[in-house]
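J.: Whenever a hint applies, use it, and build me the whole structure from the sequences.
Single-letter residue listing:
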Amino acid sequence: MRWCEYPGYLTGSEVFQNYGCRMFSGLWITFELVAISVTLGFALAIGLAIARLYGPRWAQSVINGYTTFFRGTPLLCQLFLVYYGLGQFRLFWQDVGLWWFFREPFYCAVFTFTINTAAYQAEILRGAIQSIPRGQFEGALALGLHRWASLRHVIIPQAMILGLRPLGNELIVMIKASAVASLVTLFDLMGATRLAFARSFDLSIYLYAALIYLVLVEIIRRVWDRLELRLTRHMALR
Amino acid sequence: MIEKLALLGFGDGGWGLALLQGAGITISIALATLPFGLALGLVVALGKRSENVVLRWLATGYTTVFRGVPELLTLYIIYFGIQILLQRLWEWLGLPGSFSMPPFVAGMVALGVVLSAFSSEVWVGALNSIQKGQREAAAALGLSKAQAFRLVVMPQLVRVALPGLGNNWMVLLKETSLVSVITLPDIMFITTRANVATKEPFLFFGAAMLIYLFFSLVSAWGLGRLEARTNRGYAAFGGATR
Numbered sequence: 001m002r003w004c005e006y007p008g009y010l011t012g013s014e015v016f017q018n019y020g021c022r023m024f025s026g027l028w029i030t031f032e033l034v035a036i037s038v039t040l041g042f043a044l045a046i047g048l049a050i051a052r053l054y055g056p057r058w059a060q061s062v063i064n065g066y067t068t069f070f071r072g073t074p075l076l077c078q079l080f081l082v083y084y085g086l087g088q089f090r091l092f093w094q095d096v097g098l099w100w101f102f103r104e105p106f107y108c109a110v111f112t113f114t115i116n117t118a119a120y121q122a123e124i125l126r127g128a129i130q131s132i133p134r135g136q137f138e139g140a141l142a143l144g145l146h147r148w149a150s151l152r153h154v155i156i157p158q159a160m161i162l163g164l165r166p167l168g169n170e171l172i173v174m175i176k177a178s179a180v181a182s183l184v185t186l187f188d189l190m191g192a193t194r195l196a197f198a199r200s201f202d203l204s205i206y207l208y209a210a211l212i213y214l215v216l217v218e219i220i221r222r223v224w225d226r227l228e229l230r231l232t233r234h235m236a237l238r
Numbered sequence: 001m002i003e004k005l006a007l008l009g010f011g012d013g014g015w016g017l018a019l020l021q022g023a024g025i026t027i028s029i030a031l032a033t034l035p036f037g038l039a040l041g042l043v044v045a046l047g048k049r050s051e052n053v054v055l056r057w058l059a060t061g062y063t064t065v066f067r068g069v070p071e072l073l074t075l076y077i078i079y080f081g082i083q084i085l086l087q088r089l090w091e092w093l094g095l096p097g098s099f100s101m102p103p104f105v106a107g108m109v110a111l112g113v114v115l116s117a118f119s120s121e122v123w124v125g126a127l128n129s130i131q132k133g134q135r136e137a138a139a140a141l142g143l144s145k146a147q148a149f150r151l152v153v154m155p156q157l158v159r160v161a162l163p164g165l166g167n168n169w170m171v172l173l174k175e176t177s178l179v180s181v182i183t184l185p186d187i188m189f190i191t192t193r194a195n196v197a198t199k200e201p202f203l204f205f206g207a208a209m210l211i212y213l214f215f216s217l218v219s220a221w222g223l224g225r226l227e228a229r230t231n232r233g234y235a236a237f238g239g240a241t242r
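Each protein sequence line maps, in turn, to chains A and B.
When we follow this note's numbering, the leftmost residue of the first sequence carries the number 1, and every step to the right adds one.
When we follow this note's numbering, the leftmost residue of the second sequence carries the number 1, and every step to the right adds one.
Bear in mind the hints are in silico, worked out from the structure with no lab data behind them.
Among the clues, some could well be false.
[To be verified] Now the in silico label distances, taken between C-beta atoms and shown as ranges: (1) A:Pro133 <-> B:Val158: 28 to 34 angstroms; (2) A:Ile36 <-> B:Val218: 51 to 57 angstroms; (3) A:Arg134 <-> B:Gly224: 24 to 30 angstroms.
Glycine is no exception: its CB is placed at the ideal position from the N, C-alpha and C atoms.
T.: What follows is the structure in C-alpha cells.
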C-alpha cells in the first residue's frame, strides 16, 4: 500500500482509499498553483501599488482601471476568458511563439490567478502604504535618504507589517478560489475529487476533500499568526 | 467584427435576450441569498457572543468550517447532499416518482451558508462596537430585551456593519458565477452555452465580464450612497471636530 492510500484505509473509507493518491497529487497541484501565482502576484502587486501611489497620472488611472476590472469580476469568468477566449486566437499565439503557454490549462490558471491576486494584493499594499504617517517619509527625506531609499527602507517595511494579515487572508482566499481550476479540466484537489465522485457517486469523498482544505487553511492561519507575532515582537502594542 | 457583435444582439441568432435572462438569474440569486445569509450570520454572531459554552463552540466551529472550505465544494456538498437526503425521505414516505433538487434553492442555501459565515464576523465586530451602556439605558427605560435589540442596538449596528456587509455583498455577487456548475442558467451558464454553439469564447466571456463589472460598479456606487446616508447624523459632528 502506498502512503496516500493510508488515510482512506485508516478512516475505513473505500472511495478515499481508492482515490487517495489522485487526491493527494491533486493537492500538490493546488499547492503549486497557489504558491506560484501568489508569489508572482505579490511581486507584481508591489510594483503596481508603488506606481499607483507615486507614478505618473496616466499610470495611476491605468492601474486603477486594472484593479477595478479584476476585483469587480468573478475569477471563474476571468479563467474562462483566458483559457477559452485567448485560446481562440491560436494562430496568433503560434506566430508569436506563445501557444505552448495558452494551450495548457495549468499555465492559463497560473496566469489568471496571478493577475487576479495581483489586483487584490496591490489594493492591500496601497492601503497599507497609505496608512503609514506622512511624517515617516518626510523624516527619511530630511535625513538625506533618496526617495527610493526611503520607500524601500522606511515605508515598505512598516507597510508590510500592516499588510501582513490581509495578505494572509488573500492567500487563504486564493487556496479556496483555486478550486475553480477544476472547471478547466485541471486535476487539482477539487478536480480529483470531482472525478472520484463522478465514478463512485459516494458523497463522502467531498467531505474528505473539505476536510483536507480545512486542514490546509487552518495550518496557514496558524503559521500566519506565528509569523505576525514574530514580525511585530519589537512593537510596543504586543 | 460587426457580424460578430450581432451575436450579442437581440436579432435572429443573437444571444442578447438569453444574456439578459442570465443576468436576471444572477441578480435574483444574489438578492435572494442576501437576506437569508445576513440573518443567519446575525444569529451565528449572537451565538458566538452567547454565554452558553456549547452555543459559542458551535457558532465558532460553523464559521471555521464554512470560511475554510472552497465555495465550489460547499456548493457541491449541499446540492448533492440535500438531493440524496430528500430522496431518501421521499422514498421513506413512499411517495411516487423521485425528488429532484431545484438548483436555485441549492445555490441559495450554499451561498447563504457561506455568506452567513463571513457576515457573522462583521456582525460580531459591529456588536462589539456597541457599548454596554446602550443596553443598560434601554433596560432602565423599561424596554424588554427584544425591544432593546430592535429599537436601540439594531439601528446603530447597521451603520457600523454596513461597510463590512457591503464587502460581503460584492463577494457574493461574484460567487454567484459558481452556481452555473449546478446547471442554474446564470450569466456564466448562458455564455458557456453560447460559446459551445458559436465558438466565440472571447466575445461571450468578455461580455460576461462586462456584465459582472457593471453590477459591481453599480453596487459600489449604491453602497457608497447608503453609507453616506447612514452616516448623515455623524457627518456634521465629524466636520465640527476637523
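J.: Each hint: holds or not?
T.: Evaluated hints:
1. A:Pro133 <-> B:Val158: 28 to 34 angstroms: Given range 28 to 34 angstroms: holds, Cβ gap about 32 angstroms.
2. A:Ile36 <-> B:Val218: 51 to 57 angstroms: Roughly 34 angstroms apart at Cβ, these two residues miss the hinted range, so it is violated.
3. A:Arg134 <-> B:Gly224: 24 to 30 angstroms: holds (26 angstroms)
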